[in-house]
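Protein chains in written order, with our numbering: chain A, 1 to 483; chain B, 484 to 814.
No wet-lab data here; the hints were simulated from the structure. A few of these clues could be false.
[What the hints assert, rightly or not] Per the computed footprint, the stretches of chain B lying under chain A, defined by three or more beta-carbons under 8 angstroms from a beta-carbon of chain A, are:
id, region
1, 533-539
2, 584-593
3, 663-677
4, 775-789
5, 793-807
[As the list claims (entries may be wrong)] With the Cβ distance kept under 7 angstroms, some of the chain A side facing chain B (calculated, not the full set):
id, residue
6, Pro90
7, Met91
8, Thr97
9, Ala343
All values reported here derive from a predicted model rather than from experimental measurement. Idealized CB from N, CA, C, for every residue including glycine.
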Amino acid sequence: MTDPTLTTALFEVGPWLSFLSPELASRAQFGWAITIHIVFAALSVGLAPFLVYFTVQEVRTEKERYARLRKFWTKLFAIGFVMGTVTGIPMGFMFGTNFAAFSETAGELIGGPLSFEAKMAFMLEAVFLGVLLFGRERVSEWFYALSSVMVALGAWLSAFWILVVNSWMQTPRGHEVVMEGGVPIAQLVDPVAAFFNPRFPWMYVHMQNAAIISVTLLIAGVAAYFVWKNRDSEVWNTALRVAVVVLLITSMFQAIHGDLYAGHVEETQPQKFAAMEAHYETGSADLHIVAIPTELESFTDPRADNLYTISIPYLASFLASHGDPSYEITGLNDFEYENPPVAWVFWSFRIMVGLGFWFIALGAWGTYRLWRGGLADDERLLKALMISAPLGFVALITGWYVTEIGRQPWIIQDVLTTAEGVSPPLTSTEATLTLIAFVIGYILLFGVFLYVFKRLVDEEAERHEVGIEEDDRPDAPGVTADD
Amino acid sequence: MTKLLSDSAYLLESLPEIWFGLVVVSLGVYLLLDGFDFGLGILYAEADEAERQTMLAAFGPVWKANEVWLVLFGTVLFAGFPVVYANLLSRHYLLVFAILFALSLRGLGSKLREERDDEPWVRFWDACFVVGSATSPFLLGVFVASWVLGTPSALAAGPFVIGVTVVALTIVLGAAFLGVKTDGELRARVGRRGQLATAVYVGLFVLTAIVLYGRYPGLQSVLLSGSTVAVVAATVAFAVGNVVAIAHDRFRIALVSAAGIAGAFVVFVATLLYPQVDPAAGLTIADAVVSPLPLNMTTLVAAIFLPIIVGYFVFLYSLFSGPARPEESYS
Numbered sequence: 001m002t003d004p005t006l007t008t009a010l011f012e013v014g015p016w017l018s019f020l021s022p023e024l025a026s027r028a029q030f031g032w033a034i035t036i037h038i039v040f041a042a043l044s045v046g047l048a049p050f051l052v053y054f055t056v057q058e059v060r061t062e063k064e065r066y067a068r069l070r071k072f073w074t075k076l077f078a079i080g081f082v083m084g085t086v087t088g089i090p091m092g093f094m095f096g097t098n099f100a101a102f103s104e105t106a107g108e109l110i111g112g113p114l115s116f117e118a119k120m121a122f123m124l125e126a127v128f129l130g131v132l133l134f135g136r137e138r139v140s141e142w143f144y145a146l147s148s149v150m151v152a153l154g155a156w157l158s159a160f161w162i163l164v165v166n167s168w169m170q171t172p173r174g175h176e177v178v179m180e181g182g183v184p185i186a187q188l189v190d191p192v193a194a195f196f197n198p199r200f201p202w203m204y205v206h207m208q209n210a211a212i213i214s215v216t217l218l219i220a221g222v223a224a225y226f227v228w229k230n231r232d233s234e235v236w237n238t239a240l241r242v243a244v245v246v247l248l249i250t251s252m253f254q255a256i257h258g259d260l261y262a263g264h265v266e267e268t269q270p271q272k273f274a275a276m277e278a279h280y281e282t283g284s285a286d287l288h289i290v291a292i293p294t295e296l297e298s299f300t301d302p303r304a305d306n307l308y309t310i311s312i313p314y315l316a317s318f319l320a321s322h323g324d325p326s327y328e329i330t331g332l333n334d335f336e337y338e339n340p341p342v343a344w345v346f347w348s349f350r351i352m353v354g355l356g357f358w359f360i361a362l363g364a365w366g367t368y369r370l371w372r373g374g375l376a377d378d379e380r381l382l383k384a385l386m387i388s389a390p391l392g393f394v395a396l397i398t399g400w401y402v403t404e405i406g407r408q409p410w411i412i413q414d415v416l417t418t419a420e421g422v423s424p425p426l427t428s429t430e431a432t433l434t435l436i437a438f439v440i441g442y443i444l445l446f447g448v449f450l451y452v453f454k455r456l457v458d459e460e461a462e463r464h465e466v467g468i469e470e471d472d473r474p475d476a477p478g479v480t481a482d483d
Numbered sequence: 484m485t486k487l488l489s490d491s492a493y494l495l496e497s498l499p500e501i502w503f504g505l506v507v508v509s510l511g512v513y514l515l516l517d518g519f520d521f522g523l524g525i526l527y528a529e530a531d532e533a534e535r536q537t538m539l540a541a542f543g544p545v546w547k548a549n550e551v552w553l554v555l556f557g558t559v560l561f562a563g564f565p566v567v568y569a570n571l572l573s574r575h576y577l578l579v580f581a582i583l584f585a586l587s588l589r590g591l592g593s594k595l596r597e598e599r600d601d602e603p604w605v606r607f608w609d610a611c612f613v614v615g616s617a618t619s620p621f622l623l624g625v626f627v628a629s630w631v632l633g634t635p636s637a638l639a640a641g642p643f644v645i646g647v648t649v650v651a652l653t654i655v656l657g658a659a660f661l662g663v664k665t666d667g668e669l670r671a672r673v674g675r676r677g678q679l680a681t682a683v684y685v686g687l688f689v690l691t692a693i694v695l696y697g698r699y700p701g702l703q704s705v706l707l708s709g710s711t712v713a714v715v716a717a718t719v720a721f722a723v724g725n726v727v728a729i730a731h732d733r734f735r736i737a738l739v740s741a742a743g744i745a746g747a748f749v750v751f752v753a754t755l756l757y758p759q760v761d762p763a764a765g766l767t768i769a770d771a772v773v774s775p776l777p778l779n780m781t782t783l784v785a786a787i788f789l790p791i792i793v794g795y796f797v798f799l800y801s802l803f804s805g806p807a808r809p810e811e812s813y814s
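Make the full structure from the sequences, and use the hints.
Next up, the structure:
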């Protein structure tokens, strides 16, 4: 249905490329794209407050160490922003290319917020990032600091509108479905109810905090590496101290918030909640703190009753109902519609929660060392932090899987299934072809990103060795912009 | 105020037409701004290393903000005419991804070449930058043409010739922009390239009109109408202005006339389309527009934020005005 010439050319290889249905290929493509994109999106959102902190401190105290931290992390931010744009723009267009029927149905609800994102957030971020990266000598110190605030505001507003769209798909409100020419159209009747739907505040708080945790772990890991190489580095000891404290606070908050969030999911998307716990039989449910599969099948088809678990009886019921241990949780066997892929949801949820507890432990360990002294001397802690540097992003991605895979088969909960939302003219061949291109392209892209990141770290490490580390020269002639 | 939240009446009776105008304007602004960047990326091919540094310094602070206009165009279309957004993108499935791929090559190329100093690395990303800068406007031109003409194939005469025309247009824009941002030898050369590109563009524009006249009988009356004649006259006038301004080394005037050429092109595209928004699906503005409440709401937001966005751009371009400083890279 697209380009006839291209389609003819593809016809030759078509049979080789059409082993996935348009629906499955589109889902895989969107899922894969967001797996990569979310890393960069979270990097923007999570790094932005740190950049504000470093920049404001730099301007306020004129200490070289903040300038150094600001420069290092701004470079990473800039690369992350380019990668985020490159991976983010296709996602917006995929609504039209791959999920045209969904776009038609939900256009009135999601077209607006997406355009608000572009107008309010994306522009702000792009313009002031230009100032932040290139304008150090063209604007005043305070305006420069203000630019970092504007970039942060842009990043956070961007996430705001995207999550408005996403949360509406989870708990749709404020619309009426009418049929127009045989196509269901969700008409907007109450924008406030639609935008500030029940899921929105939960999702926004959880996601933004997850982004901060991910970046905090990254900063802690990088700082630990430099401190491990040079215990006296004032620059990186500063970063390390800030990071462990922020980690403790944000990861504890996330655990409490996440627990309450799960209760909300049980109320609004019980099928997803049941999948998170692999709870098949309706009845009161235990909370499984640790689940270990005893046979291979349990990986692909986890059933809580068949796993070796360490559980607290009735606690899941107790938590979901805010206090009733015999509260009945509907099992996966008793839903009218097909279940989401339970294995993905169940294991992703366990990875996320398990990592969450590890982050609390790390934060507590680091903060204790900071308080009692010897933060820079605890080799084991430094190594644990280095290893954990990417794990925040792992938790973030798996958390996103719980949310997104857990709501299947719905693209809009109880309104439209994903199968119904796929573009009618899309062929298996086209969808499979672009899926393959995205898989290869994004692996290369992510590899390039890691490579560039590694070079940034190496450059910084060289600086340590030649000893241009010493800082805190209050009478230094200002803070220079160039490296 | 009550009308604003009305779910039965548009804020203004002509709001759907105004919103169509907004779609066209955001596409036009995108063509203009990223047009500078594409043209710069094409002219980059024949520059030496020192000139490339200057060019990248001219390009660096603004291209991200320029590119956002493509997103703005997409979301404005989505917010106003979701059916068109859905139809258009799903119908041009592979073309859309090809455009995104080309744009990524352009963006990554310019950024990543700075990450390492050795020859092969820099050459590779330079090549990506040039190829991305040349193919992006071509494919975008093909996309817009297939939309307006309702012809899905990239190899049909209409879309192909329009794609090439858009490439020439971006060189006109890029040369004028670079003329403002550089001096000396480089400015003289991009000036000559700009003049040549302008002449080629006018020729291609006429060729486009002829091809459309011959191949698309439905468009014959539009092509002979007063608006088309005005567009052609404006194009020629701005083209002459551009060539003369460059000859007198007045690049700010050249930039304005180059923008005029681009503006005339966008008006041309809009006249071919109006009052349809998706000819291939037979959808007019009235058929495809969203219902009053969401359109009133997004109009209000647009009315508040578009002036702010214009303010950002005035600020950004004036902050980085004057000759590009090659030594000024990421701080």
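Hints broken by the structure, by number, lowest first? 1, 3, 7, 9
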